[in-house]
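Protein chains in written order, with the working numbering: chain S, 12 to 158; chain P, 12 to 158; chain E, 12 to 158.
Repeated chains share a single entry, so a pair holds when one copy, or any two copies, can fit it.
Listed next, the in silico DSBU-like pairs over lysine-lysine satisfying Cα-Cα at most 35 Å (straight line):
#1 Lys84 <-> Lys32
#2 Lys32 <-> Lys149
#3 Lys149 <-> Lys84
Think of the hints as simulated: they come from the structure by calculation, not from any bench.
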Amino acid sequence: MLARGGVRMKSHTTYLWFNTKRRQEIIDITDQVAAEVDGSGVREGMALVSAMHISASVFVNDHESGLWHDILKWLEETVAPWDPSRYRHNETGEDNAAAHLRSLTVGHEVVVPITHGALDLGPWQRIFYGEWDGQRRKRVIVKVMGE
Amino acid sequence: MLARGGVRMKSHTTYLWFNTKRRQEIIDITDQVAAEVDGSGVREGMALVSAMHISASVFVNDHESGLWHDILKWLEETVAPWDPSRYRHNETGEDNAAAHLRSLTVGHEVVVPITHGALDLGPWQRIFYGEWDGQRRKRVIVKVMGE
Amino acid sequence: MLARGGVRMKSHTTYLWFNTKRRQEIIDITDQVAAEVDGSGVREGMALVSAMHISASVFVNDHESGLWHDILKWLEETVAPWDPSRYRHNETGEDNAAAHLRSLTVGHEVVVPITHGALDLGPWQRIFYGEWDGQRRKRVIVKVMGE
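Bound conformation, chain S alone:
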């Protein structure tokens, strides 16, 4: 257990940019988030890591390429098939309604804990950017807050 009090708060904000080659792609961003936490000077607090787009996700899971394959297959076969003809959103000229539903399912942000000045993740936890409609410039905000 760890308790502190009576100190002043700090915040730190940065933006990570992505432009994926494929339309769907999973990118490990843990090291980039850890570097921002390190640079923030925050010892105890939280980092919000949040996609700034409605067709992308940020999530915590496993750094294992077989699983990434499983996730992309599961998003297509179980969560929301890409097939644009299924969705009314695509009558607007878009074809990415499925990417929106995938973002809703997996979520667009995570809040990760900071303890003793570092990301406090479990042994296998890594932070990922999930691009569900890529091949263009998109970004993620990292906002660190604490003491």
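Given the coordinates of chain S, assemble chains P and E onto it according to the supplied hints.
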């Protein structure tokens, strides 16, 4: 990049009330959340926007009525059909087990970043209240925290 | 409405340990989280409650055993069947790819509000640890932050 330190923290709490005409409904609450951020005096921080019910969601997505139709259809056909006979929860006299499962899938809260005194959302991001079992008074807490 | 400013922030961190008898299990941890909030001395703020594993969830929902049964059934039949032969991740020698997909769907963390020194939950909201691959020691971090 933006880093600040050595200032004192502020918090601000409010509750938004809803009573939808339909049982399922999607409501854009971005302007209400933005007004609370504005009133809080917080320049750098986070806002927690969280449904106080287990049959509702708060999520970030697109302000587009075709997509809202797609989301409601997807919740019924893919995520969790309403049909009360499928669920043991409904033996308690309830008929809303599906609303619980929809809340679990889409999530009941979001944390949104505040930068330079305003919500720091991407170009198409809007905050929504997703009512999955309405026609009665329900609420959402907005808690702003930062410096 | 409630607004405060000009005070110094506090933080408090603890870890809850679990070792479930069954491989899938849902455990109500609200009282444990509430005790940490109480011990933290935080009056206004947020608590991050986050699984430190990639095959588990933390979520807010209803304390009702029929619903817990429905959730486990839904995870197996709708979200991601356990059947290891479906997933490439399981070629690594694991058999728990389904647990990862369930964690992605339900989420691995929640952020809950603290108002007037206590968890500010709706009338039926309870906090749960969702074990999707148990029978071994696993843990959840509770990090309280506020003023």
